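J.: Spelled out, the chains give:
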Amino acid sequence: MNTLAEPVSDAVPEVEAPPSTAAHAVRPFFWSVRRELWETRSIYIAPLIAAGVVLFGFLVSARRLAPLVRHMDTQDPSHAAAAYLLPYGIAAFVILGTSLVVAVFYCLGALHNERRDRSIFFWKSLPVSDLTAVAAKATIPLAVLPVVTFVIIVATQLIIVGIGSAVLAAAGISPSDLARFSIFEQVGVLAYAIFTLTLWHAPVYAWFLLVSVWARRAPFLWAFGAPIAVTIFESVAFGTSVVGHFFWNRLTGGFGEAFHGGHSGPGELQLPQIDPIGFFGNPGVWIGLLVAAALLAACVWLRRYREPV
Amino acid sequence: MACIEARGLRKKYRQTVALDGVDITVGEGRILGLIGPNGAGKSTALNAILGLTAYEGQLRVLGRNPWTERDRLMQDVCFIADVAVLPRWMRVSQALDYVAGVHPRFDRAKAEAFLARTDIRMTSKVRELSKGMVTQLHLALVMAIDARLLVLDEPTLGLDVLYRKQFYDSLINDYFDHTRTIIVTTHQVEEVQYILTDLMFINHGRIVLDCSMETFESRYVELLVGPDRVAEARAFGPIHERQMFGRTLLLFDGVAREHLAPLGEVRTPSIADLFVALMGAPSGAPGAAQ
Numbered sequence: 000m001n002t003l004a005e006p007v008s009d010a011v012p013e014v015e016a017p018p019s020t021a022a023h024a025v026r027p028f029f030w031s032v033r034r035e036l037w038e039t040r041s042i043y044i045a046p047l048i049a050a051g052v053v054l055f056g057f058l059v060s061a062r063r064l065a066p067l068v069r070h071m072d073t074q075d076p077s078h079a080a081a082a083y084l085l086p087y088g089i090a091a092f093v094i095l096g097t098s099l100v101v102a103v104f105y106c107l108g109a110l111h112n113e114r115r116d117r118s119i120f121f122w123k124s125l126p127v128s129d130l131t132a133v134a135a136k137a138t139i140p141l142a143v144l145p146v147v148t149f150v151i152i153v154a155t156q157l158i159i160v161g162i163g164s165a166v167l168a169a170a171g172i173s174p175s176d177l178a179r180f181s182i183f184e185q186v187g188v189l190a191y192a193i194f195t196l197t198l199w200h201a202p203v204y205a206w207f208l209l210v211s212v213w214a215r216r217a218p219f220l221w222a223f224g225a226p227i228a229v230t231i232f233e234s235v236a237f238g239t240s241v242v243g244h245f246f247w248n249r250l251t252g253g254f255g256e257a258f259h260g261g262h263s264g265p266g267e268l269q270l271p272q273i274d275p276i277g278f279f280g281n282p283g284v285w286i287g288l289l290v291a292a293a294l295l296a297a298c299v300w301l302r303r304y305r306e307p308v
Numbered sequence: 000m001a002c003i004e005a006r007g008l009r010k011k012y013r014q015t016v017a018l019d020g021v022d023i024t025v026g027e028g029r030i031l032g033l034i035g036p037n038g039a040g041k042s043t044a045l046n047a048i049l050g051l052t053a054y055e056g057q058l059r060v061l062g063r064n065p066w067t068e069r070d071r072l073m074q075d076v077c078f079i080a081d082v083a084v085l086p087r088w089m090r091v092s093q094a095l096d097y098v099a100g101v102h103p104r105f106d107r108a109k110a111e112a113f114l115a116r117t118d119i120r121m122t123s124k125v126r127e128l129s130k131g132m133v134t135q136l137h138l139a140l141v142m143a144i145d146a147r148l149l150v151l152d153e154p155t156l157g158l159d160v161l162y163r164k165q166f167y168d169s170l171i172n173d174y175f176d177h178t179r180t181i182i183v184t185t186h187q188v189e190e191v192q193y194i195l196t197d198l199m200f201i202n203h204g205r206i207v208l209d210c211s212m213e214t215f216e217s218r219y220v221e222l223l224v225g226p227d228r229v230a231e232a233r234a235f236g237p238i239h240e241r242q243m244f245g246r247t248l249l250l251f252d253g254v255a256r257e258h259l260a261p262l263g264e265v266r267t268p269s270i271a272d273l274f275v276a277l278m279g280a281p282s283g284a285p286g287a288a289q
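Those sequence lines, one after another, are chains D and B.
All letters in the first sequence, in the order written, are residues 0 to 308 by numbering that gives the first Met the number 0.
All letters in the second sequence, in the order written, are residues 0 to 289 by numbering that gives the first Met the number 0.
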């Protein structure tokens, strides 16, 4: 093989005879991520719509806010604060939930749709390695969506607090008496919650991406069907549900691992509850990340070495 | 110096042998037409060259192993694998942005100049373009890349004759510069006949014919002969014959024109005629095969 290679490589010295086009700098990873955002605009549109729905509901309810707070204030100030903060928590919960759904559907389609519409032949005709392509796609659920979610939730909550305070102030109630919480503290808790949840879900996203690159059709069925099948098999064969609990905890137990008593929505979580030592001391987190890395490596291998369609 | 060098290239799928020990040599600056019926192994050969499929045997493309050095190779190789594989959601401007962002030798101005001569608008999405316009867009992207090897697998399938003609005209006038190498497969062989420098027929995973166009033109002769002189003409051993308006059209391999000229009309056959002669039912025409 080398004997064949020799004459060709000799004829192609480092400096080629004046190329008709000067080579220019490229950023394959950056543009690969951008193209994902072009293709899947729901990455930011869906959380924005969720935020819009919550905000619209809050605006409609704003005229009821002052009487409600005043009524509750006479009974128990903490109830009044809860009423005031309720949409705040709902916003975080709804927007985060929307993003998780978007992430699941994104992952299941990310490496499947390009084969189904044969556009993979176009992507593979360009000097973008399969490692870069898969890394860009994994970046969406692991970095882009969490950041987008965080920003949209914080913006929504600021609008809610702003409007709520204005409404109460107009009614002669001082919001600072009701809401004894720091907005910065809440932002910090939210960042921690989204960060830990993303790490906790990393192997789930990687599994969906692997199914997406592997399944010839119906990736959704494979992605959920295979774990369900294993769960059912275990329960029928051995009468136990270890695997089922394992999967369920991986899907829904993220806050439970990262917060003391965190088995509720992100809106109710408070600063004293965060448990970074418990979370990062949990071998399950690190094993999950290793599994995610292995699954993503399998994605790269399959995209590279299997027939494209 | 060879751009593509294959020795004993084999590819076997579960039941079928797609490539059965093929030798291919394509020099730089050549335009090779790879012609064969459906399922002959054309696409498999191209996929092997493009590092999209594993193979047995030796294969070097621009001095590299396409299977193990694919990422590096794609800097110098470009291909249109099929019509309409551009992502349907993409805007024309996004396609330009993306290719400019990932390909170090993409000349955006050149692509834009080419697109300016078409009806394609920058804001259009690929899904809004006709099939012919999608191919024009793909060609605009590919031609603006300073690649050393361009592979076109059925690039004009399903296009009307105007687009097909324009496609090859652009390719020859605006892209080909005698240092680049082009491989093209197509069923519309008559449209590429005059742009090819080399011709290769492939069938059942084997090379049936491999020659330059100069050889093709000197080696194959077609003779249109009246019924009175058919017997004389047959004595020269035609490889194929068919009836045409009461006269007989005979195809000869390696028979000098001066021997045939007295018998009737002599001309160079079309690639399509030779294709039918070599690929068609071998015993189809009476007295054809020796």
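None of these hints come from the bench; they were simulated from the model.
Note that the structure is predicted; figures quoted are calculated from it, not measured.
Glycine included, C-beta positions come from ideal geometry on N, C-alpha and C.
Keep in mind that the hints are not guaranteed to be accurate.
What the hints assert, rightly or not - So the derived label-pair ranges between C-beta atoms look like this:
(1) Gln187/B x Phe232/D: 53 to 59 Å
(2) Pro103/B x Val150/D: 48 to 54 Å
(3) Ala142/D x Asp159/B: 42 to 48 Å
(4) Pro282/D x Asn37/B: 41 to 47 Å
J.: Can you name, in rising order, the numbers of the hints this structure does not satisfy?
T.: 2 and 4
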